[in-house]
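*Asks:* Whenever a hint applies, use it, and build me the whole structure from the sequences.
One-letter residues, chain by chain:
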Amino acid sequence: MPAPIIKIDAISKSFGAFKVLDGLSMQVMPGEKLALIGPSGSGKTTILRILMTLERIDAGHIQIEGEQLYHMERNGQLLPADERHLTKMRQKIGMVFQLFNLFPHKSVLDNVTLAPMLTKGTPRAAAEKRAFELLDMVGMADKAKNMPAQLSGGQKQRVAIARALALSPKIMLFDEVTSALDPELVNEVLNVMRRLAAETDMTMLLVTHEMGFAHDFADRVLFFDGGKIVEEGKPDEIFSHPKQERTQSFLKKIIAAGHRV
Amino acid sequence: MPAPIIKIDAISKSFGAFKVLDGLSMQVMPGEKLALIGPSGSGKTTILRILMTLERIDAGHIQIEGEQLYHMERNGQLLPADERHLTKMRQKIGMVFQLFNLFPHKSVLDNVTLAPMLTKGTPRAAAEKRAFELLDMVGMADKAKNMPAQLSGGQKQRVAIARALALSPKIMLFDEVTSALDPELVNEVLNVMRRLAAETDMTMLLVTHEMGFAHDFADRVLFFDGGKIVEEGKPDEIFSHPKQERTQSFLKKIIAAGHRV
Amino acid sequence: ATSTGLADDAKLEQLKKQGFARLAIANEPPYTAVAADGKVSGAAPDVAREIFKRLGVPDVVASISEYGAMIPGLQAGRFDVITAGLFMKPERCAAVAYSEPVLCDAEALLVKKGNPKGFKSYEDIAKDETATVGAPGGGTEEKLALNAGVPRDRVIVVPDGQSGLKMVQDGRIDAYSLPVLSINDLMKKANDPNLEVVAPVVGAPVYCDGAAFNKNDTALRDAFDVELAKMKESGDFAKIIEPYGFSAEAAKSTTREKLCSAK
Amino acid sequence: MEWDWDFVWQIMPTLIEGVKITILATVLGSALAAVVGLAIALLRRSENKAVARSVGFAAEFIRGTPLLVQLYFIFYVLPDVGILLPPMVAGTIGLGLHYGTYAAEVYRAGIDNVPRGQWEAAKACNLSARQTWTHVILPQAIPPMIPALANYFIAMFKETPLLSAITVLELMNQAKSVANTYYRYVEPMTLVGAFFLVISLCSVVLLRWLERRYGRVER
Amino acid sequence: MTAWAGYIELILEGAVVTIKLTLMGSVLALVVAFIAGLGRLSRFFAVRALATAYIEFFRGTSIFVQLFWVYFVLPLFGITLTPLQAGVLGLGLNVGAYAAEVVRGAVQSIGKEQYEACTALNLGRWQGMRHVILPQAFLVMLPTFGNNAIELLKATSIVSLISLADLTFQAQVVRSQTGNTMVPFTTILVIYFALAMLITWGIRRLERRLSRGLDGVRA
Ligand SMILES: Nc1ncnc2c1ncn2[C@@H]1O[C@H](COP(=O)(O)OP(=O)(O)OP(=O)(O)O)[C@@H](O)[C@H]1O
Ligand SMILES: Nc1ncnc2c1ncn2[C@@H]1O[C@H](COP(=O)(O)OP(=O)(O)OP(=O)(O)O)[C@@H](O)[C@H]1O
Ligand SMILES: [Mg+2]
Ligand SMILES: [Mg+2]
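Residue numbers (this note's numbering), protein chains in the order written: chain A, 34 to 294; chain B, 34 to 294; chain C, 846 to 1108; chain D, 678 to 896; chain E, 5 to 223.
Worth flagging that the hints you see were computed from the coordinates, not collected in a lab.
Among these hints, one or two may not hold up.
Stated by the list, open to error - Listed next, the in silico BS3-like pairs over lysine-lysine satisfying Cα-Cα at most 27 Å (straight line): (1) Lys-139(B) to Lys-24(E); (2) Lys-40(A) to Lys-800(D); (3) Lys-116(E) to Lys-125(B); (4) Lys-285(B) to Lys-285(A).
*Replies:* Quick look at the structure:
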């Protein structure tokens, strides 16, 4: 059995007095496609943000490919990570946000080439070649010269996916990438992600309220509530035969609200 | 056969050079529950906003209970309606918005009593009594003293429904009243609306992307595209055996995106 | 002047009725001064206070004003009279109605110790192309310097005496010009051994001020003059102004007519 | 007191000299304020709490007290500690410092208005702090600030008459000296008002243009 | 050696004048701001034009010129105001013009959806304004009103121009009587700052009181 690519070990995180995560542990295997589901406020986003180093943890450890994320080993001692260490670790991870967060003052192409050129020193020509490949994959090559303001939500999100891929991360994080989209635009994004999941061996973590998509996409589903993993398993198990009562009632509510499983 | 309560006759509406509605005609019977569905930008919201006099029409006529909405009859001539005429006509119509539009500086109770007290001169005691009845109906009586900021989205929307009902309009307009809500909160609002539909003989027009709910709620469904009625009929007909190709492809897209019909 | 005379009498009556006259003063000891308790003193207001008392106006209230704002203020009816060491000169005589002379003084220059540039007159300043002189805006000294040929950009308009003194100390200007007694008062307060007074300025006439009234109030002015003459006669006048360092003889030896027609 | 056109033409050249100085002071003051403002805004974000606090307090103090008194201070009190500034330099420093504290607020708001998502996206793209500032934050923050900054510089223009207190011969001072010479206040003062109004109205047009050009960033 | 006690009293008297001017000027400015600010949003062209002319005129010409006019030129038309009245009028009208724009901006900042909710509830124009829009807009205005009040406080320092014995003026008097520049000016700087802090603090308290339970109203 190969070593896990992500190893989360008893991490805790509070916002003020409110403890979102309390001693959470989990592991992700290389190439695994993981869906995180659960009610609002259960801490799903927080986990992704911690992995992307957008939030710090209060306690515990995280290892990416066996290397500490928030700590550095120096002479056998674990010290808090400095900016240089974080920069190194972040190369392995990419993230796509709910609200796209494209750079509004840069064209679609520049959005995709900016990071490779600045962080890896990729020459412009090479960066653009790769950008066109990625834009082509998400079906946005013909809009390369557009500004983000001229795109629809679904188009923006596809560009954001291409941008995150441009750094060739080993792990991709997706946080409700379709929930800000008009219902008809959801599919164009999900199609891109389906293809991505099928074609690469990237490790992917997905937070979503689209149960149907989670079902198709994931190798494994984690159901969160109150910052804890309440239940996990293959999609079929979780969606068709949830064992825990909390999972059942959550799925029932979601279905009643008109979402397909 | 009774006379229609709403009679829309060849109305047109443009935004700048863009013609949203072009000679649209339709009728609604007293007590009818009507669902308006269709792709984004097809003009559904615009129709409701025109009925609520939030937008003016460029051409055509609308009659509410046989009376002109945008015109006044004076000595046999049709003149454009003045503010007084509009005020009189608006008494018959209420509207609930996608984003609730509660008054954030007023308590839940004051939100509901404000309009009856100001527009009808209802004494405070009577207005509050009625407000409590309505808040009770939407399950919000215990939050009467709260400020809107202290409510969840679903609770806000239920207050907004009570507020619109407080003026006892004959026609209620609902514009995607659940699409800004978290999936789990959708149901509490839909339940209120189901009850409302069952218990009153108010005329209701509903714009929604929740096909399942439209199916349960409506007596008749209108499918819009490009500002035109493409198809109409009983919910079963439209959802199960759509005749028009455009209706079929729209429903297919919606289903693919994870919405239950 | 019968009709205006009538109006003027009305003016005095009005002052009597309201119980005070409004003075415009500067903030330039010893001509005018404001004590620590806010009480207005100085030679010019003291004389005016006494005369108004004799005219039946028991009190005076003073407001401090920039020199430049005094005549417009008088014209706008802001004050009843200016008692501020505003020297009589033909142009001013045309703008206001002066009383007979009250305070006379020559001009002085405040310079660094030893008078390094050797100024004796405004002409000396004009000749030295790097020299700058400070003076109150709209004051007599500004005009004297300009008339002596000092170009506009070397005559620095200084808002008040202390600022002028400070600017000489700091070397911002080479000389600061005010009447002799004003400069002496500044020197006394500054007590700075690195400064020196050049007095009187060669070629600059001795000027006298008078109480300045609105052109429409000549009768009030005339009444003022009558009392002033009486006080000069009795020696009360000298008793008031001499402690401040002014000479009563100088004021008696000249007249408004002479000063206003001098060129 | 009636209006005298001959007098107007006679004093016009003197007043125009004053206008030149007024405009020069505004331009120099604005340039200084733009720099001082950025420095204050950045120092207030400093990691070093002591620096951030004391700069913050100093800025608050300068913003809460009258420019006139500050000018007196710079011009008449600083020489006591050996700092002797020519009037125009003292005036420029006074204007620049005073309005720099306003500009700092504009910078701060501009930076704060860049959505948090942009900082996070920059991090997810693994940009360094410097790269984030220069490629992502400042290009978005600065354009919307331009109208607000321009607004303050126009306000500064209208406060230049204060410089007359420290012997700068700007427009107001020239007008006063003209008025004192001829004992006529109505014409010079009205002309000063007219000058200000004309320049302000022109700058309103400029402002509207700046607002259209830079006011809105499309997201 | 110097009778500082007496001079301090003089400066405190000046402080009283400054406070009076600030308070009365603020009240006038507030009234004028609402009239002109709402006037600028009126349906009627004439009202809009009048309000716009007032606002642009007073923002366009310098406060110095305005004060001077009120004090020295108005009497030539037969309107004589006491220095205090002239000061209050000049400052109030000037700051009122700026505050009017604050009123307008705040009213316009209230989302379109609030107006639509008013229409849907059949409230009249004035009813909606009075009960829904203004109470929300007022909260938006408050912080800027606080800044306007501080601007007004600082602007009082120039009323010495019209012989009002305010703080700055008394400091000048003390300076010329004692020959000391540093002490009086430092004293009044501290007093001005304390007054400005007082305004800031008062506005914050008011803001907190009015926005209780209202989080999320302001963007
Ligand atoms: N920056 C923050 N400050 C304070 N509380 C926060 C912050 N971020 C998140 N929280 C709180 O932490 C809890 C978990 O938030 P998180 O965003 O991880 O939930 P989630 O599972 O992603 O929910 P959702 O489905 O609504 O996105 C919530 O109660 C939230 O209010
Ligand atoms: N105020 C406006 N100005 C310009 N265009 C407008 C305006 N309001 C609506 N439109 C345009 O009119 C068309 C119809 O809009 P409408 O909001 O009625 O659509 P809809 O059917 O409600 O769509 P959705 O499902 O997205 O709410 C759209 O193309 C929209 O962009
Ligand atoms: Mg989340
Ligand atoms: Mg719509």
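*Asks:* Taking 27 Å as the top limit, are the C-alpha atoms of Lys-139(B) and Lys-24(E) close enough?
*Replies:* Given that 27 Å is the threshold and the Cα spacing comes to 36 Å, the pair is violated.
*Asks:* For a C-alpha distance cap of 27 Å, please report whether Lys-285(B) and Lys-285(A) respect it.
*Replies:* Distance of about 23 Å is within 27 Å: holds.
*Asks:* Take a quick look at whether Lys-40(A) and Lys-800(D) sit within 27 Å of each other, Cα to Cα.
*Replies:* Holds, at about 22 Å.
*Asks:* Take the C-alpha atoms of Lys-116(E) and Lys-125(B), compute the straight-line distance between them, and say whether it is at most 27 Å.
*Replies:* 22 Å, holds
In this structure, the one hint that does not hold is number 1.
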